[in-house]
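Engineer: Sequence:
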Amino acid sequence: MSNPTTLALIKSYYAAFNAGDAEQMLSMVSDDIAHDVNQGDRRSGKTLFAEFNAHMTRCYKEELTDIVVFADETGTRAAAEFTVNGTYLSTDEGLPEANGQTYRLPAGTFFDLKEGKISRITTYYNLEDWIAQVNA
1 MSNPTTLALI KSYYAAFNAG DAEQMLSMVS DDIAHDVNQG DRRSGKTLFA EFNAHMTRCY
61 KEELTDIVVF ADETGTRAAA EFTVNGTYLS TDEGLPEANG QTYRLPAGTF FDLKEGKISR
121 ITTYYNLEDW IAQVNA
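Residue numbering for the sequence shown follows full-length UniProt numbering, starting at 1 and increasing by one per position.
Any given hint could turn out to be false.
[Stated by the list, open to error] In silico BS3-like pairs for lysine-lysine, Cα to Cα no more than 27 Å straight-line:
1) Lys-46 with Lys-117
2) Lys-61 with Lys-46
3) Lys-114 with Lys-11
4) Lys-46 with Lys-11
5) Lys-61 with Lys-117
Simulated from the structure, these hints should not be mistaken for lab results.
Given only the sequences and the hints, what does the whole structure look like? Please build it.
Structural biologist: Following this line, the structure appears as structure tokens:
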């Protein structure tokens, strides 16, 4: 996979995210996708990735802006930096109670790619910043 192809794939992934198109997102990941969420356990496989996306859609409404995507020269690794603009819709287990609070925070994701698909997604953000915002 070339670098321009990698960049296009990651940009398409985020376009699908912003459109709320979970099926399109699923089509871009490998069957054995490794999904690491900030301060959480690794989820492996499309089924767990789809379940996570459904959970997120129920609890949060998010749009990513200021997206900048980087890729290595081989096209097998990439990273993105962006701003998460969100609304907390439904209380997520172990987190503060939701009542429509809005939040805005910087985040980043690292990707591995193989055979034209995303094979790893590792996302980081400042959870304490998010908690402070929804508790304000």
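Engineer: The structure should be examined with respect to each hint, and the outcome stated for every one.
Structural biologist: Evaluation of the provided hints:
Among the hinted pairs, Lys-46 with Lys-117 is consistent with the structure: their alpha-carbon atoms are about 12 Å apart, no more than 27 Å. Using a Cα cut-off of 27 Å, the hinted pair Lys-61 and Lys-46 holds, with the two alpha carbons roughly 21 Å apart. For the given pair, Lys-114 sits about 16 Å from Lys-11 by alpha-carbon distance, which is consistent with the 27 Å threshold. This hinted pair checks out: Lys-46 and Lys-11 have alpha carbons roughly 20 Å apart, not beyond 27 Å.
Simply put, Lys-61 and Lys-117 have alpha-carbon atoms about 25 Å apart, close enough for the 27 Å limit, and the pair holds.
No hint from the list above goes unmet by this structure.
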